[in-house]
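Participant: Please model the entire structure based on the sequences and the hints provided.
2 protein chains.
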Amino acid sequence: MAKSAAIQQKNLEKIFYPESLVVVGANKVQGTVPADIIFNILKTDFQGIVYPVSPREHFISGIKCHKYVADIVDPVDLAILVFPSSVCHLAMEQCGEKGIKSVIIISAGFKEVGGIGLEREKQIKEIADKYDMSFIGPNCLGVINTDPKALLNASFARKMPTEGSIAFLSQSGALCTAVLDYAQAKHIGFSKFVSFGNKADISEIDLLYYLKDDPKTKVILVYLEEISDGPGLMKAAREIITETGKPILALKSGRTKEGASAAASHTGSLAGSDEIVDAAFEQAGIIRCDNIEEMFNIAIAMTYQSLPSNNRVAIITNAGGPGVLTTDAVIHDGLQLAHFSDETTDIFRKSLPKTANIKNPVDVIGDARADRYHVAVSNALKDENVDGVFVILTPQSMTDIEKIAEEICLVSGHYEKPLYTSFMGESDVAAGIDILQRHKIPHYILPESMSKSFARAYQFKQRLGKEWTQAAAFDDVDREKAQSILKEARKNKRKYLPEGEAVEVLKAYGFPVSPGGVAKSEAEAVSIAEKIGFPVVMKVFSDDIVHKFDVKGVYLNVNSAKEAREAYQAIHKN
Amino acid sequence: MAKSAAIQQKNLEKIFYPESLVVVGANKVQGTVPADIIFNILKTDFQGIVYPVSPREHFISGIKCHKYVADIVDPVDLAILVFPSSVCHLAMEQCGEKGIKSVIIISAGFKEVGGIGLEREKQIKEIADKYDMSFIGPNCLGVINTDPKALLNASFARKMPTEGSIAFLSQSGALCTAVLDYAQAKHIGFSKFVSFGNKADISEIDLLYYLKDDPKTKVILVYLEEISDGPGLMKAAREIITETGKPILALKSGRTKEGASAAASHTGSLAGSDEIVDAAFEQAGIIRCDNIEEMFNIAIAMTYQSLPSNNRVAIITNAGGPGVLTTDAVIHDGLQLAHFSDETTDIFRKSLPKTANIKNPVDVIGDARADRYHVAVSNALKDENVDGVFVILTPQSMTDIEKIAEEICLVSGHYEKPLYTSFMGESDVAAGIDILQRHKIPHYILPESMSKSFARAYQFKQRLGKEWTQAAAFDDVDREKAQSILKEARKNKRKYLPEGEAVEVLKAYGFPVSPGGVAKSEAEAVSIAEKIGFPVVMKVFSDDIVHKFDVKGVYLNVNSAKEAREAYQAIHKN
Numbered sequence: 000m001a002k003s004a005a006i007q008q009k010n011l012e013k014i015f016y017p018e019s020l021v022v023v024g025a026n027k028v029q030g031t032v033p034a035d036i037i038f039n040i041l042k043t044d045f046q047g048i049v050y051p052v053s054p055r056e057h058f059i060s061g062i063k064c065h066k067y068v069a070d071i072v073d074p075v076d077l078a079i080l081v082f083p084s085s086v087c088h089l090a091m092e093q094c095g096e097k098g099i100k101s102v103i104i105i106s107a108g109f110k111e112v113g114g115i116g117l118e119r120e121k122q123i124k125e126i127a128d129k130y131d132m133s134f135i136g137p138n139c140l141g142v143i144n145t146d147p148k149a150l151l152n153a154s155f156a157r158k159m160p161t162e163g164s165i166a167f168l169s170q171s172g173a174l175c176t177a178v179l180d181y182a183q184a185k186h187i188g189f190s191k192f193v194s195f196g197n198k199a200d201i202s203e204i205d206l207l208y209y210l211k212d213d214p215k216t217k218v219i220l221v222y223l224e225e226i227s228d229g230p231g232l233m234k235a236a237r238e239i240i241t242e243t244g245k246p247i248l249a250l251k252s253g254r255t256k257e258g259a260s261a262a263a264s265h266t267g268s269l270a271g272s273d274e275i276v277d278a279a280f281e282q283a284g285i286i287r288c289d290n291i292e293e294m295f296n297i298a299i300a301m302t303y304q305s306l307p308s309n310n311r312v313a314i315i316t317n318a319g320g321p322g323v324l325t326t327d328a329v330i331h332d333g334l335q336l337a338h339f340s341d342e343t344t345d346i347f348r349k350s351l352p353k354t355a356n357i358k359n360p361v362d363v364i365g366d367a368r369a370d371r372y373h374v375a376v377s378n379a380l381k382d383e384n385v386d387g388v389f390v391i392l393t394p395q396s397m398t399d400i401e402k403i404a405e406e407i408c409l410v411s412g413h414y415e416k417p418l419y420t421s422f423m424g425e426s427d428v429a430a431g432i433d434i435l436q437r438h439k440i441p442h443y444i445l446p447e448s449m450s451k452s453f454a455r456a457y458q459f460k461q462r463l464g465k466e467w468t469q470a471a472a473f474d475d476v477d478r479e480k481a482q483s484i485l486k487e488a489r490k491n492k493r494k495y496l497p498e499g500e501a502v503e504v505l506k507a508y509g510f511p512v513s514p515g516g517v518a519k520s521e522a523e524a525v526s527i528a529e530k531i532g533f534p535v536v537m538k539v540f541s542d543d544i545v546h547k548f549d550v551k552g553v554y555l556n557v558n559s560a561k562e563a564r565e566a567y568q569a570i571h572k573n
Numbered sequence: 000m001a002k003s004a005a006i007q008q009k010n011l012e013k014i015f016y017p018e019s020l021v022v023v024g025a026n027k028v029q030g031t032v033p034a035d036i037i038f039n040i041l042k043t044d045f046q047g048i049v050y051p052v053s054p055r056e057h058f059i060s061g062i063k064c065h066k067y068v069a070d071i072v073d074p075v076d077l078a079i080l081v082f083p084s085s086v087c088h089l090a091m092e093q094c095g096e097k098g099i100k101s102v103i104i105i106s107a108g109f110k111e112v113g114g115i116g117l118e119r120e121k122q123i124k125e126i127a128d129k130y131d132m133s134f135i136g137p138n139c140l141g142v143i144n145t146d147p148k149a150l151l152n153a154s155f156a157r158k159m160p161t162e163g164s165i166a167f168l169s170q171s172g173a174l175c176t177a178v179l180d181y182a183q184a185k186h187i188g189f190s191k192f193v194s195f196g197n198k199a200d201i202s203e204i205d206l207l208y209y210l211k212d213d214p215k216t217k218v219i220l221v222y223l224e225e226i227s228d229g230p231g232l233m234k235a236a237r238e239i240i241t242e243t244g245k246p247i248l249a250l251k252s253g254r255t256k257e258g259a260s261a262a263a264s265h266t267g268s269l270a271g272s273d274e275i276v277d278a279a280f281e282q283a284g285i286i287r288c289d290n291i292e293e294m295f296n297i298a299i300a301m302t303y304q305s306l307p308s309n310n311r312v313a314i315i316t317n318a319g320g321p322g323v324l325t326t327d328a329v330i331h332d333g334l335q336l337a338h339f340s341d342e343t344t345d346i347f348r349k350s351l352p353k354t355a356n357i358k359n360p361v362d363v364i365g366d367a368r369a370d371r372y373h374v375a376v377s378n379a380l381k382d383e384n385v386d387g388v389f390v391i392l393t394p395q396s397m398t399d400i401e402k403i404a405e406e407i408c409l410v411s412g413h414y415e416k417p418l419y420t421s422f423m424g425e426s427d428v429a430a431g432i433d434i435l436q437r438h439k440i441p442h443y444i445l446p447e448s449m450s451k452s453f454a455r456a457y458q459f460k461q462r463l464g465k466e467w468t469q470a471a472a473f474d475d476v477d478r479e480k481a482q483s484i485l486k487e488a489r490k491n492k493r494k495y496l497p498e499g500e501a502v503e504v505l506k507a508y509g510f511p512v513s514p515g516g517v518a519k520s521e522a523e524a525v526s527i528a529e530k531i532g533f534p535v536v537m538k539v540f541s542d543d544i545v546h547k548f549d550v551k552g553v554y555l556n557v558n559s560a561k562e563a564r565e566a567y568q569a570i571h572k573n
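Residue numbers (numbering that gives the first Met the number 0), protein chains in the order written: chain A, 0 to 573; chain B, 0 to 573.
Honestly, the hints are just simulated from the structure, not real lab data.
For chains that are exact copies, the list does not tell them apart, and a pair is met inside one copy or across any two.
Once the Cα atoms are required to be at most 20 Å apart in a straight line, the calculated EDC-like pairs of lysine to aspartate or glutamate come out as: (1) LYS538 - GLU498; (2) LYS572 - GLU562; (3) LYS439 - GLU425; (4) LYS358 - ASP386; (5) LYS185 - GLU292; (6) LYS158 - ASP366.
Facilitator: As structure tokens, this is what we get:
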């Protein structure tokens, strides 16, 4: 019997916050996954006791190894399995007997390889259910919790991320390694980081509910290849968004048939129709992203800054061209260029050089230094007509890039309004970007990404204020009838459904249709017409005739029994 | 009188390859544009003689300054003006008298500021025409030529790019600084780099023609805010593409009304309708890009590698998730997943681990090292069913990133087929990416960008093989007639055009329409019907009735004079 959601949540707590853990299958052979895992746990100063269980080793990093889980005297909260898949069930059984309720199964060789792997996955799931144990995986990279109370890196990732407010859930383990590297370079921290692999037991839905109540998490990102329980996912997302206001950003692969089939051989999942995913995410308020970069672009906007209260943005730039490109992007993304108040305009006129453009986009001109950026940015933030500020910088010969970055961080701290930046270029602007990123000021290589991220944050904010409409569900659908009509047509190799049958299909789905009928004789035509009431339209009915007008098969304004008879004859003749 | 295209080309040669040049307005006050320019020229080892002309300085960097251009005894090929705009015309006049034919005007304060600026721009243009001089600018960053024969950095950019095969033309000077920084960090070199500012004399079209015959240039990039001569631009682009096969990539801002108005206050240009730009670029074979990053993504694909001969790609990855995401992108971009030959499949089966996925996308599995990448990449390149290879890497604990990068560079050198890479992450993969970029292997942060760039290169290749169709032009259009009908309708505040008038409008534009006429009596109806020939359709004609069916205003199958009369009465009655 499957476990209740309450049990999953209780056991998840011990996955993230174990007071003691056992690594089953540990060794110290460098470059192997078991060694990477145990060294990662020890390296990050895990706040608890570690028990290595190994058939071969006597000690690892000065810690005594046990041969079996049962040999450990004290109670253990969490087991991490890095055992070969063929013997994983034995380890699970041992853990169950020991009373361990929370497990992370790193090992691969389950559903994703098919055949015997499917059996093995079923087997460990059954053991887990028998003992009320919950597990993450199998076939995953592991779990990371940056909370200083835990400091757990139960994964074979190359690096431990810094603490932050973003939770990341991923069905692909390898994607996690790329994400960790990408995020570290940009000083993006994480609250929880979970690779959930084949999700044979704990699903993304369980994890979402856990993160809902996690005080360390402000924004949730999830990479999915397959959605096994669509309605459940939608329900969880809605609850999280309405009750906590935490945004959920999703990257769902398998958009195409070919991508879905690649996913099937990767995590053994069936991807389903992409249009349904789009619609479901939209209804549930989940923000769907096109790629990893876009996901983090939006995530930092929502994590670092308040949500925009409206869509009027001010652009401050030291370069006209990028100002124009950004204006295009702003309008394209459904935002507006703010109109500055008279007061702001006056200040700009007095404080900026004569050659500056003091209208939005504000061009502080190529030789602008930190003081000029200060005037423009702080007064734009102060202006009531402005809901957000975009700061653009290009590295010109007089630009004191780092000072400008520091000035922006300082000014931004004084206002609640969102401020995003784009320092364009790469090496010259790198030190400036680093300052912005360390101070949690959203930075974007492209001004276009800045605009798009603002727009998504704004849309989410609007969504928060709106009533949720339940998607209509229809119980009175006669699917069987519709299917039997279509099946019959297919059997007869017909490419078109004649009108009568098409109407029946519509009726089966509850659509209202005009009354009518198929007449096989003059008399029948008159009788049907009289039942409907004059005037009626008469049309030829034939499997072979699709374009009825072409063969003079349509008669309008049939007003009487006599006309109906005439029309019948005429159609018949044609 | 305007100068001929031949003069512009002759003078452009001296802008890029001067044997001697004069900087008018030079000084040595660090942090000023004139000082930046002269130091840039001297710093990059310009292959020619430099004459500073300065009203104040006696020497700059050991070079004697002249007070006036006329004081220079030897002939001078090129003048660079960094004089205030109010006195630029005096410098121009002096240069003209000295016989200098080629000029770069850096100074701002012309058309872009309006008012007197417009006058000044007109004035310098007149002087140029009088002396058959050509000039770039005003209001620009300058010109760079990396050719070792010239080594000219006549700009106030922070850095001199390395030599390469990409030419970059930009209407925005500040964007140039961002582009130079971006490109340098990625080891992207340039052949020619031109900021052409207000293009008061030499236009992007002149520059395109110059680059057509420039042996150093393989791919041309252009940033435009305004197109002053659309047909001229299209003609130039077509000639370049058909005669030389050099691709032209364009970033055109002012897509939106607001962006266009921002552009107007930037370079004083009128942006025009964006749909026309799209259509014109499409017809001319110009590849339109959405942002700077996309432009360089496509540019490196086309510069570094051969164009794909077909669209079947092989994906090699050490991570399933990114393989799925890339497959989605490939299909979305109109490419195909290659089906490997039996031979390749055999090799993969024998040489890759059992857990590897040997179908496309090939998953060499997370613990893959350089040897496994070698097998997968080289055999994919060898396979006749493969037109291009995408290599994806995520930084997992066993991944020898730099060795894999080196292996890829080595293998790629043995095949003509395009190979693109995406090493996902940031700092861990940085050294590997650096190796790829130095060896001119296209690299993309996102696999999605890799796929998009391949698709654009493939589309360009297809385009090269196709006949160019001249867009149809219609001389027999009676615009006045159409306009008079619409004007009349508007005058009468009608929201719909009655059928008769609509038909007249269509006729005015030369569309064939069914014969017909408006009958105001039974007799007229019969006479028109007889002229057309039976059967005819009869409809109500009224300004007020749009939906004719609703009022029983349509009669089909009117077969005789008698029926026509009946139908007329019936319609009249209804």
